[in-house]
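Given the structure of chain L, go ahead and fit chain C onto it with the hints provided.
Protein chains: 2
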Amino acid sequence: MTTEIETPAVLVDLATVQANIRRFQDHAAAAGLLARPHVKTHKLPQIARLQIEAGAIGITCQKIGEAEALVAAEPSIRDVLITYDIVGAAKLKRLRGLAEAVSLSVVADSAAVVEGLTGAFAGAGSPLRVLVECDTGGQRCGVQTPEAARDLALVVAASPGLRFGGLMTYPKAGGAAQAARFLGEAKTVIEAAGLAVETVTSGGTPDIWHAERGGILTEYRPGTYVYNDRSLVARGVAAVEDCALTVLATVVSVPTPNRAIIDAGTKILTSDLLGLSGHGLVIGRPDIAIDQLSEEHGRLVSAGPIDLRVGDRVSIVPNHACVVTNMVDTVHVRMPDATVEVWQVVARGRLV
Amino acid sequence: MTTEIETPAVLVDLATVQANIRRFQDHAAAAGLLARPHVKTHKLPQIARLQIEAGAIGITCQKIGEAEALVAAEPSIRDVLITYDIVGAAKLKRLRGLAEAVSLSVVADSAAVVEGLTGAFAGAGSPLRVLVECDTGGQRCGVQTPEAARDLALVVAASPGLRFGGLMTYPKAGGAAQAARFLGEAKTVIEAAGLAVETVTSGGTPDIWHAERGGILTEYRPGTYVYNDRSLVARGVAAVEDCALTVLATVVSVPTPNRAIIDAGTKILTSDLLGLSGHGLVIGRPDIAIDQLSEEHGRLVSAGPIDLRVGDRVSIVPNHACVVTNMVDTVHVRMPDATVEVWQVVARGRLV
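Residue numbers (this note's numbering), protein chains in the order written: chain L, 1 to 352; chain C, 1 to 352.
Looking at chain L on its own, in the form it has when it is part of the complex (with noise of 0.2 Å):
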């Protein structure tokens, strides 16, 4: 199949996804939770929709252009949650727009995000659902402490057009216990002053196997899981074999024995290390690290002979799929009955 594709390319299997949804819904539904995947990840109302039939509530995402992208062209997302403190006037009257096509909540970690949130649903026909976004030591957004979630969550009960929703947070890596700690806390302060705390919600896929029945979450917002990458079979949280998303190039040039240069450089692969060595996995070749990426070459490097010839192709794990995604206008989809398919990325490079 690939033999046609123009190189670098992007190529996603099917397969591999459908399997990588079903293990986490799985999951999911044995710790009690609902899911609401992050779509960063894939950005295709394809994948969606599929998340959408396996069991999830609707979907995550950072940007309103990815939301308005998605929604436009998948009439299965009727619910979106952005984790993400929305601020200025233009921004807002999308927000409003966007509540008209679906049920929506939004985060706010400040009275002066909620301000803003305020202005725009003021004689909205529904309330805006807000959460408010709690920092349990990822040291990003998020207010500080249990008590200043409450007093937030204080300010939006009082605001006009806004309703609480719950508590959301993206911990630190390996932070779970630490985020539950903290949640735990803020709901109580917050029932304690008369709120009800409907959602509690968390993401992160380096933890996804760790949220449990009876833990303080009731939702859960992986984005990763959907493809892995390198940085999770690194993490021991995924195998190669769950790697859905993949880089295909081709071998330029093999100026020296233990050398070989490929046609895809940061403008593919990206430069995310995500703590790693090196820029990625050469499939089937444990001895060669990419250790050099410029914008449109990458540098293949073995200890022994490189064994590689000009025109030969190479597959990819990336370091980090998601980013990856947003590099390209299309993918190449192996579908499970092993056509492939060409699918816009619907939702990439939606900055705003």
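Since the hints were derived computationally from the structure, they do not count as laboratory data.
A hint or two may mislead.
[As the list claims (entries may be wrong)] To give a feel for the contact side, a few chain C residues facing chain L, derived at Cβ under 10 Å: (1) V87; (2) A112; (3) G116; (4) P305; (5) R309; (6) C322.
[Unchecked claim] Okay, the calculated beta carbon distance ranges per label pair: (7) L:D337 x C:K93: 25 to 35 Å; (8) L:A173 x C:D79: 49 to 59 Å; (9) L:S277 x C:V102: 39 to 49 Å; (10) C:P75 x L:E241: 43 to 53 Å; (11) C:A173 x L:D307: 42 to 52 Å.
Quick caveat, the model's predicted, so the values are computed rather than measured.
Glycine included, each C-beta is placed from N, C-alpha and C at the ideal position.
Same frame as chain L, but now just chain C:
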């Protein structure tokens, strides 16, 4: 001007672009070098035209797709050098098509690549100009010795449909002298074998001001000089005021007194470090480091008060301008008369 632009966004200051073009063109003229800018940095027909109007003899591209897009959009582009080993039937066919539209040169570093070119250009109206790529220390593509350059030049010269055009290298940073030695020796042995060496071309903005009259080079192919970036400022090649491309971002969260989060992450700034610490320079705030990026978030930290509020906007000089260009469908161009135009990045994402 910038208050109406939705963030994150890429801004280009055209007066700075014009000054950068002028400065290099003047240097090239003084050094007796032909200028052939690499368009990967801007991917815009409008700026390619400014480069040609200023005296460039043509453009450099890495990918056929970039050349196709720019040639179709800008009639003043009449001469293209593709500094890449073109491999594979589909690409070779497109190369032949491109050669019918413009004066075209490519490179090769192996007999296998030359063989492919020969097959594609058999019976062409005029021969394809082929330069031999030399590895002068960059350890990417290229023949390994001056004698290997001669041997491949002889293969090119003996191939129907091809014409030997000279020598090409992309030196390692700081490797101009080493490159000159290799190229000088290669030219000597090739001339001794009876071939003329019309062009000796090198590139790279880091060494842009070191190419001097009387050296071995006849042509220079800088890319990043047109915008400049934080990596070039760090190397002392340009000043912050010479940086024409900036990323405009909005503060979406100020979780602690020393931390703010902006809506620009790797999806616009990329993970390219180029040896630097941190992910960009916040203009006017030397106390701030962008110490962490995720896909849609950038983390700003300061030893003192971060002194930013939700909704504030910041301008960032990225580590590497070229890769930022490839992340966006459009750029906002501040024209010399202070109006703002939105330009489509027509060669963005042209991977093949």
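Q: With 42 to 52 Å as the target window, see if A173 of chain C and D307 of chain L comply at their CB atoms.
A: About 30 Å separates the Cβ atoms of A173 of chain C and D307 of chain L, which means 42 to 52 Å is violated.
Q.
Would the hint on V87 of chain C be counted as holding, given a Cβ-Cβ threshold of 10 Å to chain L?
A. holds, 5 Å
Q | Range hint 49 to 59 Å (beta carbons of A173 of chain L and D79 of chain C) holds or violated | A | holds, 51 Å
Q. Given a hinted range of 43 to 53 Å, is it respected by the beta-carbon distance of P75 of chain C and E241 of chain L?
A. holds, 51 Å
Q | Range hint compliance [Cβ, S277 of chain L to V102 of chain C, 39 to 49 Å] | A | Holds - the Cβ-Cβ distance for S277 of chain L and V102 of chain C, about 42 Å, lies within 39 to 49 Å.
Q | chain L contact restraint on C322 of chain C - CB to CB distance below 10 Å | A | holds, 6 Å
Q) Any CB of chain L closer than 10 Å to the CB of P305 of chain C? A) At 16 Å from the nearest chain L Cβ, P305 of chain C fails the 10 Å test, so the hint is violated.
Q: Double-check A112 of chain C for me: the hint is only fine if its C-beta lies closer than 10 Å to a C-beta in chain L.
A: Because about 4 Å separates A112 of chain C from the closest Cβ in chain L, which is inside the 10 Å limit, the hint holds.
Q) Taking 25 to 35 Å as the hint, is the beta-carbon distance of D337 of chain L and K93 of chain C inside that range? A) holds, 30 Å
Q.
Quick check on the hint: R309 of chain C CB to chain L CB, less than 10 Å?
A. R309 of chain C check passes; min Cβ-Cβ to chain L is 7 Å, inside 10 Å.
Q. With a cut-off of 10 Å, does the beta carbon of G116 of chain C approach a beta carbon of chain L closely enough for the hint to hold?
A. holds, 8 Å
Figure legend: structure checked against the earlier numbered hints; hints not met, in rising order: 4 and 11.
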